[in-house]
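Novice: If you want the building blocks of each chain, they are given just below.
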Amino acid sequence: MNHQDAREKLLDLAYGELSRREAAEVEAHLAGCPECRAERDRIAATRAAMRRLEPEVPPAAGERILLAAARQAADRQRERSGVLVPRWVWRVSFTTVLVAVVGAVTLQIVGMRERTVREELRGAPERAAPTAEAPAAQAPALPGPVPARPEEAKLAKSAERPAAPARKEAPPAAAPEAPQAMAKRDGEKARPAPAAAPAVAEQAPPAERSLAQARAKVADQAVGAAPPAPAAAGAAPSADVTAGESPARPAAKGEAKLGSAESAAPGTGSPAGPVASLAAPEPGPSRAAAPVAKEPRLTARDWKGSPEIEAVRGIVRAVDRKVRAGKLQMSARPFQACGPLEDAERRIYAGSGGRAAKFVRQAGGAEAALTFEEYYDDAGRLRYVFIHGGAVNGALLEHRIWLDPEGNRLWEEQKLRRGSYPFPAAWPERDLWLAAPGAEVLGCGNGAGIR
Amino acid sequence: MQTDESDERLMARFQGGDASAFEALLHRHRGPVYNFLVRTTRDRGRAEDLLQETWLKVVTAAPRWEKRARFTTWLYTIARNLSVDEARRAALRGAERLEAPADPAGERRPLLETVASDDPLPDRSAESAMLRPRLQAALASLPEEQREVFVLREYAGLPFQEIAAVTGVPENTVKSRMRYALDGLRRRLEEMGVTAEAAEVAAP
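Line order of the protein sequences matches chains A and B.
Heads up: the first sequence at position 339 corresponds to 339 in the working numbering, and the numbers run straight through without jumps.
Heads up: the second sequence at position 78 corresponds to 78 in the working numbering, and the numbers run straight through without jumps.
Watch out, some of these pointers could steer you wrong.
To be verified - If you want a taste of the chain B side facing chain A, the calculated C-beta under 8 Å gives, among others: (1) T77; (2) V169; (3) M178.
Stated by the list, open to error - Quick list of the computed label-pair ranges, beta carbon to beta carbon: (4) G16(B) - A48(A): 40 to 46 Å; (5) S20(B) - D302(A): 21 to 27 Å; (6) P55(A) - E145(B): 20 to 26 Å.
Just so you know, these hints were derived from the structure itself, not from any lab.
Glycine included, every Cβ here is placed at the ideal spot set by N, Cα and C.
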């Protein structure tokens, strides 16, 4: 072997990629070539130094989710008796698998940054209990019985009606229901939360609360597939109901999933009764922001051309025109230091008085990324929300909310393409900025991600 | 748990519905993939997210894996693609930000500094605690395509041919990048006063 050939093979030799014969040939050349020996030694020394860089150890937290996901997938696979079904995990909409896997993943990813998985799993049901608030908010009482018309139930129009019970503390009686929705996560049954749990969301210090919020999002996803059951006590299914498998999906209207046939049917539970009963009782200390209850006016047939919706569209068009014309002062801020489910970036297009006419936020965890575009009228009131984004499974979301000047939802519409993902059909109010924010939301740590 | 079964056999078993095969693969490769992601992104948080995404993708895409393909080639290609996509998105966000007013907190630090001052994991000795940031800085100083090749070969243990498949360049290109990487590292280590002997002394 000549010098040049040997020289080029030194790298392969160092990494053991030569056949025995080739290696012997290079070694033979090395014996008589000081230059090549020096090069070999340089490579060895550099490698030796770099090998002292100790390997990074991945956090243990993530492993368990992956194993859970793999087990679920493997179970499915066996059920299908060896037939390969492409994209099986993700294609099964709102089944146990999806909810359990995605829910678990979301939870764990949050947890990864906070505590150990063990703590997370143990603590989650209780701490997530505040989300009893969410179903309450999103499945507001119907003034009457649940409508039988599917198109009514299919579209989430929750906030047209009493969002009032929404923001107040959920009645303790409803608390045990929330963990239930999370029951199937990681295959474990959830334990009922302490009755006092719902109060936590309101009373916790800001940092706690943002965490609770992050978790709440998870819970929402799970809740989306299970009866939200704000109806509380007695009527609701017992604790062995697991998310996604629930045969009785009480048609709690606000959370009705798109395309879900069951949600239109008066479930085997007792949906109409308890749900309706929420309308009158527990007026509770409603927050100042809570909008006044309104009779639903728009229907699936007439909402599109209605004057209320048109008014909102006019506002949105006007804002976007100004944005395009560069007439609004844009300021943005990335939030790399903030938590995983908090906003990654916020951008304000400031209108009169420095308040946002348009507020754009990017948020997301490892499994879904969303952009919220919120539009405000001249009085700084939220009038239109466009939420769009996707999940890692390929599902794409477009979610729109139209609001009247009082903050009531005129209409809400969700479109999912290329698969499913348990996004909340009625978007939780706590994710929205009802009042136009100013430059103060462009700081991290001082209220960012916390409201 | 320890098994000598090939990655490909394990993967085939997982395709058939055996979750324990996946577990074996995860135990074998989770750490190395994480290291690859940490070294290429230079950001543990992002590496953690990408690590989860990578393995979830392995789970969901398993039915489409072909038995002829080497598992590690496939695995690192997934990890690399996710990482590249993510970097592209980050760059895009960065570009958009140019129009934004200057960062009030002024928290954007040069990458090298970030890496060097990155809080180290608990170290075994004071010497290695001092050595570690310098080794990290040396690695971080490499151009991206050289660093990637070096990490895949040195830490992930992928043969040059496989690295060529993962990175989509000819094997000869991979090897010349590797030579440049080794030269660059040697120079940087010398500049920083790290010699192979010093490294040896720091060994536990």
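Novice: A separate judgement is required for each hint: does it hold in the structure or not?
Specialist: The hints, checked one at a time:
no.	hint	in the structure
1	T77	violated, 17 Å
2	V169	violated, 16 Å
3	M178	holds, 6 Å
4	G16(B) - A48(A): 40 to 46 Å	holds, 43 Å
5	S20(B) - D302(A): 21 to 27 Å	violated, 57 Å
6	P55(A) - E145(B): 20 to 26 Å	holds, 22 Å
Consistency with the previously given hints fails for numbers 1, 2 and 5, ordered from lowest to highest.
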